[in-house]
Structure formats: structure tokens, C-alpha cells
Amino acid sequence: MDLSYSDKYRALQDEVRSFIAANRDASPSAVGIRRKPDTKILAWQRMLVANGYAARTIPKKYGGYGAAPDVMENAIIAEEFSKAGVATGIMSQGISMLVPTLLEVGTEEQRERWIKPTILGETIWCQGYSEPDAGSDLANVQTKAVLDGDHYVVNGQKIWTSSAHYADMMFLLCRTEPDKPKHQGLSYLLLSMETPGIEVRPLRTMTGKATFNEVFFTDVRVPAHQIVMGRGDGWTVANITLKYERMMLGDANKFMHRVHRIRTLMETTRIDGERLIDKPEWRDRLVRLQGEVMASKYHQMRLLTDAAKGVDPGLGRLIVKLYGTEMGYRLSGLAVDIYGAAGLAYDPHDEGQPGEDDPATAWHADHMYDLGLIIGGGSSQIQKNIISERGLGMPREPKPAAPASTKG
Amino acid sequence: MEFALTDEQRMLDESLRGYLARALPLETLKDLVKDARGFSDAHWQAVAELGLPGLMVPTEHGGSGLGLLDAAVAAEALAYYAAPVAFAGPAVMAPIAVQTMASAAQQAEWLPKMASGEMRVAVAFAGGTGQTGNAGASLAGDKLTGAVEGILDLAGATHVLVVMPDGKAALAPVDAEGVSVHVKPTLDRTRPLADISFASARVDVLDASNDPAAAVRRVRDAGRVMLAADTLGASQAMLDKAVAYAKERVQFGRVIASFQAVKHMAAEMATELEPCRALVWFAAHAHDAIPEEAHVAACHAKAHLGEIGRHVQTKTTEMHGGMGFTELMGLELWFKRISLDRHTLGGPERCRHEAAVAQGWVAP
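These protein sequences, in sequence, are chains A and B.
First residue of the first sequence: 1, per my numbering; consecutive thereafter.
First residue of the second sequence: 409, per my numbering; consecutive thereafter.
Calculated directly from the structure, the hints in this document are not laboratory data.
Keep in mind that a hint or two might mislead.
Listed next, the in silico SDA-like pairs over lysine to any residue satisfying Cα-Cα at most 25 Å (straight line) [unchecked claim]: (1) K723/B / S379/A; (2) K723/B / G661/B; (3) K649/B / E397/A; (4) K723/B / P398/A; (5) K655/B / E389/A; (6) K254/A / E700/B; (7) K279/A / Q767/B; (8) K399/A / F667/B.
Cβ-Cβ distance ranges computed for the label pairs, FRET-style [said to hold, decoys possible]: (9) T566/B / S18/A: 52 to 60 Å; (10) E267/A / N542/B: 31 to 39 Å; (11) K61/A / I698/B: 34 to 42 Å; (12) A11/A / A512/B: 34 to 42 Å; (13) H183/A / E735/B: 41 to 49 Å; (14) S18/A / D619/B: 32 to 40 Å; (15) K61/A / E700/B: 38 to 46 Å; (16) E267/A / G586/B: 44 to 52 Å.
A few chain A residues facing chain B, derived, Cβ under 8 Å [claimed, not checked]: (17) Y323; (18) I387; (19) S388.
From the three backbone atoms N, C-alpha and C, an ideal C-beta is built for every residue, glycine too.
Kindly generate the complete structure, drawing on both the sequences and the hints.
Okay, here's the thing in C-alpha cells:
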């Protein structure tokens, strides 16, 4: 164990602090960034990447900062941003999921083409995974892609596609080998959302916002070289992306940030003239959650250390999504409880509407969105199957007979 | 920068677990805990040979000079085997207390004997931990009067070190005149608690600390981290046993480990428990190397492990069905060990309150 603040780390801490002091006015609101990045967010992102506070370990040739992985540096940057209450870099499916996937299994050409605009927030990606009949059973994807000359021709439908209505690109899981067993018949394609034949229909979520969509494909032509790995490797690539998605959803730094925001909220909210932070029953809820967040913070540092050494942490990695999303929901639940009845005026701003949500609305929207995160990316129940089977070696549930209606 | 155990720490863990697995099969364990002291001279001798009593004693006094993270690794391993070995008191809190509170001459006299295992020193707090029960003592010169209830590792100890709230401490042999020890039949039979009273007993006074409040906190924090590590080891043992049992127990023609209702219980526990390991490691490491974060981390580790331990002791017992409710499998030894950890040196609510105070969220 070595968490000592050497001169190198102290220098970084000073550097981050002075960056924040000099630039904090340029920070976008830290809340509710689930919309197309506006010019303020893009300018902030560009500044963060240039200074190595986002995309820190992405190689320079792909537009990143090119630093060697260092758990402590990540922790210092996250902590300083969190304490100062300024926005961290964009967390998006492109940045957190596609970029590491391409670094792991993409071709050199794919990395050079896509990573830089993605980390700068200029190219927005959406994830074409779920279908009406392929949710928890993701490998049952039926959207077809048939090779025609040097293009795949895609037909089918995706659902729950976050940000498809403003995304520039999609990473798509589709069936290219219909004759093979279900897990072996899939491929992973990258395609432009401007390709003719794509229709995006918004789906309004319980937050009142149309943050996700149905996407329909009719003879959509995708250049054949925009496949990641080979034909039939889609399940492998999809799982690499899911691994990063689940790590992103469990990112402890985001939760540490929330603990500090909720503490501030408790210091400024009064019932019967007394601050909530001074009421033991309220304070105890927050401190208890802080303990859980601390455990996840240090667990994450342990995983990052393993990753830097090339050690597979096994169970330790499998639990991150379940732990993080369930804890996140309880954190936002505490925040909406603090607002209480006074926070029930709910006025969400949809995409394209001017202004931002008032804080209580934003917390309520986050709270409901957090429930969506428990369901999406492999629901908590699917995570528990994965943890018990791959992590604890417990057997799979035996397959039941098919329902009568599908027989014959 | 690295968040991981060192090779040496992994070796300590492996050699200790190797010994405990051989020395403490369930039948032996069940025999040992019949002794009301929960203490076996033979086992104490064996752990002394492994170097546990001197783990935290500086090398110049005959110890290994290791830190609290090493001790946490050992505590986790001991709890994994429900070892009836006095550790948190004589091997951790006592050497820390002596090093922070005693004069150089006292240290030179006592530490080598503590390292060899000849002196087994239990630590009693005369108040200030949040532990329920009476605790109060006063010093007049070198005479101590008072009583403290519910002391860990006092059964089988040769000496007791009473930590006073003002930052002084007093050391006395348990058989000295005016000292009376009462070992209680205790829920956790692997580590029975004991009460002690002093009637103007002559003691050695430790008053060399230049920051008495910090010294008391440091000893208490170390104890809390050890209890958290103990809960971690005991919880991991209960989870491993429950998963193994579920893979063998057949009902409805299937092993019960194939039922999602059972798998999900196990997955939930594993998900809560694995990050606890990092929290305990951090709290222990902070005690050694990051003093400004050590107190808050110790409070959080003690509180959080208390809560997760409660969940694990409950659900792993349920996973064993009726067998879990009996004494036959010995599962109750770990269940009760986790309960003792939760309630000694301050329960979760108390520790969280201290964490809030230490962060300036609320006035003391």
C-alpha cells in the first residue's frame, strides 16, 4: 500500500487547484448533463482534455493527454473537482464505453478516426443493443445485417436507445450469421445516424423527458470495414463495452461528489428552524451513505491498481455496477427527501427547451433516472446472476421447458 | 502509488491461514470454547511463535515493527477461522498505547515482554468509547480506583492497561492486590469479555504523551479497525460456508445454489462485502501513514462493517436453513463473533456520530 503524497502528487494537487480557481466560471452546471453538449460544455471539455483532467490516459496520437495510468492522480483530480463543486469531464457512452472498447480491440484506423472527436464531445454515440425481445436476454438480438458487396444492409429495431435523437453515431449489435448459435451469430458495427433508412422515435421516460428512443432500420447500408473485430465476434465486443459501461455506472467519484452536495443541502435546509445536519436522524443517513461511498472509492482504487498490474480482479469487478447503481439511487433518494414536500413542484425541461431544471426537479429527475440505471446495462437481477455464477461459482438455473404457446 | 497488499503481507496472510486451518478444525474449536476463558495456552504459545504478539512492537524491542495494515490482515485471518486468540488487545492496542503514552524506560521494560508473549496486556477504556456498560476510574498518584465492564481479551491476560479519558494510562498485573477480574459467560465464546474493578490498586502510570487526547483516540481507532477487520474475516467465512453449503444441499431435486432466490442472496452479500476489504485496508493504512484521515476512516470502517456484518450473519444463517439455526455446524461461532465486534468499542451509530463530528459537520 502506497498512497503517499509525493512531490509529484502535491504538485498535481496544486496545479488542479489553481486550474479550478482560474477557470471555475467556465464550468457548466454539474447536474443533469444528459443532453447534447452545448458550447459551454464543449469548451469546458476541450479545456479539461488539454490539461489532462479528462481523457488523461488516452494516448496523444488519439487526441488524449497521454499520461501513464496512475490511480492516485485520478483520485486527486476527482477529489479536487468534487470539493470545488465544478463539473468533471463528460461522462457519455462514447467516452466511457466505446473509446476503451476501441483501445482494447479496435483497428488502428478506427482508433484514429473516432477517438479524438469522441473524447472532445464533438461526436456523440448511442448504443444499439436492446430490442423488444432482447433485453436481459441480450444475445437474442434479431436485428439483421446482411453483407451486400462492401456494405452490410441492416434491418430491424432497437429500443431504450439513450441519446439516439441527437447522437452522430451508433455502435450496433446485430445478427450477421443467422445460421450460427445465438451468441456466435452477432457482429458489432459502427454506423452514422445520418445514414438513410434510420428512423428515431422518442420515448418519454418517467422523468418526463424524452431521453431515449426507439430506432428503426430499413435497408441501412453500413460500410463493411466499420465492423469491430470480425464477423461473429459481436458478443465478445459487446461484453467488452458492457464491462466499461458497468464500471462507469459504478464510478465512486461521482458518488463522493454527491455526498458533499447533499451535506451542503442539509446545512442549508431547515425544519422548525433547525438545520437538518443538526438532526441526528438525518445526519446518520448521510454519514451511513458516506461510509458506503468510501468503501466503493477504495475498492475502485484497488481495482485500478489491479488493472495497472494486469491482474483480473474477478469478483471485485463484477460487483461494481450493482453496488454503484443501488447506492446512487439511495443517495438521490436522500436528496429528494431533504427537499420533501417543498420539492414536489416538478418542472422538467426537455431537450431544446431553454433554461435548466430547478434543483429539486433536477434531483427528482436524477432519482428516477438512477432507477433507470438499476434496470439498464444489465439489471440488478442480471448482475446478481453474473456475480453468483461467474464470481461465486454457483450453477445456472436449469432451462425450463418452452411455454406451450411457442411449441410445435 | 499502489492500493494493494505487499508480497510480505500476502505471505503473512498465507502462513497464518495455513497454521489456523491445520490447528483449528471445527471439533477442536468446539472443544476450545468450552474453556470459560476462551483461551488456550498451547494456542497462545503457537501464535507467539508465529510472531503475532510482537507484530506491532518495534524491532529494537524485539518485535517485527509492522503496522496496523499488517495487523488487519492478521485479524481478518484469525476471524476467518474464529480463532480463540487474544489479538486486538495484547497485540495491537496495548503496544500502540505503550508506544504513545509510556516513558522510554517503561517501553524498554514492557515491550520486549509483550513481543515475546510473556506479558499479555488487555486494554480497558475508562469511558469515551460509546460502549454500553459501566466504565469509570480515577487515579490518585499511583493508586487506581474504579471499574470497567466488557473488556476484550482480558480473559487469559497477565496485565490490564486502563486508558483514562484524560490521556493517561495505568498498567497493573491482573493478580495485583486491589484488582479483581470477573470473566463473564459471553455470547462470543471465542473471545469472552470480562469486567474488572480496582480498589486503590497500585499501578504503573503512563503519562508521557505530549498529546493525550490524540493518544487515546489513536488507541481506540486501532481497536476499532481491528474489530472491523475481524468482522470482515468472520463475514467472509460465513459467506464462503453458505455458498459451499448451497452447492451441496439438494431440495426439489436440485442443489439449492441453482435457485435464483439463493444465488441472489449470496450475490448481494458478496457485493457488499468485497468493498469492505478496501475500506478496512484503507483505515488501517491511514492509521500508519495518513494521520489526518485515520480517525474518520476508523469510525467509518467500524460502523460500515458493523452494518454489513449484520446482513451477512443473518442471510448466511438463513442460507443454511435449519442447520444454520443449530450448533451442529458451528456457524453460530462466527455469527456471535460478528455480534461482539459490532457492540464493543462503540456501535455503528456512535461511530458515525464521531465521524460527523470529526469532519466538522456537527458540534461535538
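Cross-check of the supplied hints:
Between K723/B and S379/A, the direct Cα distance comes to roughly 22 Å. Compliance with the 25 Å bound is thereby established for this hinted pair. A threshold of 25 Å between alpha carbons decides the hint, and for K723/B with G661/B the separation of about 23 Å falls inside it, so the pair holds. Proximity of K649/B to E397/A is assessed by CA-CA distance (about 21 Å); at most 25 Å being required, the pair is judged to hold. Straight-line distance between C-alpha atoms of K723/B and P398/A comes to about 24 Å, which keeps the hinted pair within the 25 Å bound.
At roughly 12 Å between alpha-carbon atoms, K655/B and E389/A fall within 25 Å of each other, so this suggested pair holds. A hinted pair counts as satisfied when its Cα atoms are at most 25 Å apart, and K254/A with E700/B qualifies at roughly 23 Å. Taken as a hint, the K279/A and Q767/B pair is honoured in the structure, with Cα atoms around 16 Å apart against an allowance of 25 Å. For the suggested pair K399/A and F667/B, the alpha carbons sit about 12 Å apart, so the restraint of at most 25 Å is met.
Remark: the range hint 52 to 60 Å for T566/B to S18/A is upheld by a beta-carbon distance near 57 Å. A hinted range of 31 to 39 Å for the beta carbons of E267/A and N542/B is consistent with their spacing of about 37 Å. One distance hint, 34 to 42 Å for the beta-carbon pair K61/A and I698/B, holds here, with the actual separation near 37 Å. Roughly 39 Å separates the CB atoms of A11/A and A512/B, a value that falls within the hinted 34 to 42 Å.
Roughly 47 Å separates the CB atoms of H183/A and E735/B, a value that falls within the hinted 41 to 49 Å. One distance hint, 32 to 40 Å for the beta-carbon pair S18/A and D619/B, holds here, with the actual separation near 33 Å. Between K61/A and E700/B the beta carbon distance is about 40 Å. The supplied range of 38 to 46 Å therefore holds. Our hint of 44 to 52 Å for E267/A and G586/B holds, since their Cβ atoms are close to 51 Å apart.
The interface hint given for Y323/A is met, as the beta carbon of that residue sits about 5 Å from the closest beta carbon of chain B, less than 8 Å. At its closest, the beta carbon of I387/A sits 4 Å from a beta carbon of chain B; the interface hint therefore holds under the 8 Å criterion. Hint status for S388/A: holds, given a least beta-carbon distance of 4 Å to chain B, under 8 Å.
In this structure, none of the earlier numbered hints is contradicted; all agree with it.
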